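Just need the whole structure built from these sequences, with the hints factored in.
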Amino acid sequence: MHGAESPVYDVVVIGGGVVGCAILRELSRYDLRLLLLERETDLAEGITKGNSGVIHAGFNVPARSLKARTNVAGLGIIYPLASTLGVPHRMTGKLVVALTDEDRPRLEQLKAEGDRSGVPGLEIVDEAAIRRLEPLARGQWALYSPRTGIISPYEFTIALAECAAQNGAEVRLETPVEAVGFEAGLFHLSTPHGTFAARRVVNSAGLFSDEVARLAGIDDYRIFPYRGEYLITDKDCGLRLGMPVYPVPPRHDPGLGIHVTPTLECNILLGPSAEPVGDKRDQASTREVTARLKAEAASLMPELAGVPFIHSYTGIRPKLVDPSGKDAFADFIVEESPRRPGWISLVGIESPGLTAAPALAEMVVAMLGVRMNLAMKSDFLPERPRHPRFAALGDKERAVRVAGDADWGEMVCRCEQVSRAEVVAALRNPFGARTLDAVKRRTRCGMGRCQGGFCTPRIVEILQGEGVPADRITKRGGGSRLFYGRIKE
Amino acid sequence: MKGPVETCDVAVIGGGPAGLAAALGARRAGAGKVLLLEREKTLGGILNQCVHDGFGLFLYKETISGPEYAERLIEDVVREPIQVETGAMVLDLSPDRVLRINAREGFRLVQARAVVLAMGCRERTRDMIEIPGTRPAGVFTAGLAQNLVNLQNLRIGRKTVILGSGDIGLIMARRLAFEGVAVKGVFEIMPWPGGLERNVRQCLMDFGIPLELGATVVEIRGRDRVESVVVAKVDEALAPVAGTERVIPCDTLLLSVGLIPENELSKRAGVELSPLTGGAVVDETLMTSVPGVFSCGNVLHIHDVADWASYEGFAAGEMAARHAAGDRAGGATVRVSAGANVKYALPQLVTAGTAGVELSFRVRRPARDVRIEVTGRTSGRVLARRKFPRLLPSELQKIKVQAAIDEDIEVAGHE
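Protein chains in written order, with this note's numbering: chain Z, -9 to 479; chain B, 35 to 449.
Since the hints were derived computationally from the structure, they do not count as laboratory data.
Just so it is clear, the structure is predicted and the values come from calculations on it, not from any experiment.
Among these hints, one or two may not hold up.
Label-pair restraints from in silico Cβ distances [stated by the list, open to error]:
#, chain 1, residue 1, chain 2, residue 2, range
1, Z, A295, B, E441, 35 to 41 Å
2, Z, P313, B, T76, 56 to 62 Å
3, B, M239, Z, P239, 53 to 59 Å
Ideal Cβ placement from N, Cα and C applies to all residues, glycine included.
As structure tokens, then:
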């Protein structure tokens, strides 16, 4: 697609994380020509995939900050939105525990800040109440937040994008913006797959939003990547954690401290650490941090000592504060550059960005609406096509599904009980994401304790059947190929 | 869906070397309806990807390949009126032996009078041994690599390092070298090999592939595909020794770091598992803590050769058939425990008064001129004694107790 051939998009969103996809869906309510550009081989590949998956209530950030406002507003939107989109989630509640009386004032502070922000239902509870709320938690005192919850960040992101696509928005993967031109009142976004013309641009490029802004001549931001490592327990570790349990936030930790969080599938997440790294893509884990995660998690919850882990992962936070000034607070940046009217940047969207995303989306749409005529579509579909899971079906439903389509009777993943029908549906996603990780995030294939030992040959076979040659099969695109041809041609 | 309407006498879960034998054992012991359930499209289990020689030495008195070994058992199975279902995965097993089975032909429930667990094992993964570093493509467990190479005809790399010297890793070292892949070395954290001596000789030494004991991979590098691994020596506590690191360029890392009995279904049925074997706690009839549920092969404990898994299968099948027919021995049991230099002994329970019990065991570390003794824990009486010139942790060994066992016993090694 080049020059004159390219249609003019009303809005191009750069970045397919949870924020970009929430904005795309919100915009897809209006009569606009929309495009989202994502550099990776799938959505949610950046900051979005590497966090605790917690729906935050909003007491961890200073009242009146944009973080607090969009967090609390987002909390009011995200639960009904996740239900509308059919994304699994659960309002679990959360405890921030103080192991000693001395830490109680810190809880009071958090509560006061939360109350000022309008966080609903915060309560300081005593030891007995802690044990009643979460038998695995312990502490003298705790801040209990009843509205906190959990959600799968990548499922939520994919659902937002699928909904937007159903309402006419276009999504292009593997399409990094490499240069930005300005001509005839339009932005011209150059990519390896052609140049796209846009009246308005929303830069929600996450870790790379500073660099993308710079392409447009906006040299106002600098992102400092902070790596966070996590460990995931086996579902069968014998512990059933009901809600996230956090320590009192350590004073010199740029994160919220190493906490434990249940997943919707009943694993427990431990983490994250927080260390500044030089490279935004440095997702390596380290022996030292693994040991520290275990030690700190065990001090928070002694039962976690010695439990089996099935996986580790790392995420990178897009911090706006220099590693030398750790304690300084930096707010989300959401602004239209005076130098580039029509170009909106979202920068430094770290925690609580997942919860805030739907509110940030409304905010961006309101900003765009100031100088753009936004006409509501009459036929907007707020939902998205449903993807039922074999593992979640009852006996009767299973029998009916298999009788209707034999692919439901062929199991591809033993640990998470995923059928061939689900894998095929995932591979036929509207965005063309066809990597092993894309299948994993959509179906849970490979997320169980065998970590792909069973499902990999099966997915490889299905991928080839769907027209992907063996040499083009990758873990997550780019050079992450699995194979170098055949043994015998 | 109401409860199951379909019933069978013996349901065998898994059609590998143990399950095939169990179905035959059940049938030969007179079970009426025997259901053999295999989740793959063909019978044979892991044997199908073991294209190398070395199977059948005990059962068939000659060495044949894995697929040939499977073929012989399958020929026997299809001659019997055994109901074989392939592409059928058992998703759930209840304590009262109701199986939930999913297959392209349909999802259904079956009530079995007796069940034989023969699900085999799975491989330990990168995450279980916590190798730090990046998460690129190119890290495979050895058995997965064997499947991709031998069954899918795919070239998984050009330059590989192998961590762990389990038998599959050794076999794959040879297989890959044979296909022109540069095998840079096999690294084993323990001071002795994890696999059988014959495999060390035939798969590594004969191909000039170096084996380094007391060393492990301490970091994986490479963003998209493996670019190198860092290996280091380990100390006596198996911790990496600082200063001994070296970087080995490669595009593939194979892991042969242990096998785990796959007891997900057993757990769902409430079967008691042994922390020492990772498999069920069984009595001398191979029955688990759940009445009517039997266990054999690698799901019970990891075997060194397939033949022994099959022998166990024949026995478990026969016992399951007898149980289904109402022949149920009962009575008090005594415990079998592992003593000096014995990792585990199996069965863990014996019905008091039983004579002629054969105990399987493995040693913890290599030993020469060992006397294995089975001793009564109360009386101190030696019930059985056998001398071994050499014992290795990679080998599964046996000792028979001719006398009736009527007290708790211990199996121990004396050098």
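Does the structure break any of the earlier hints, and which numbers would those be?
When the structure is compared with the hints, none of them turns out to be violated.
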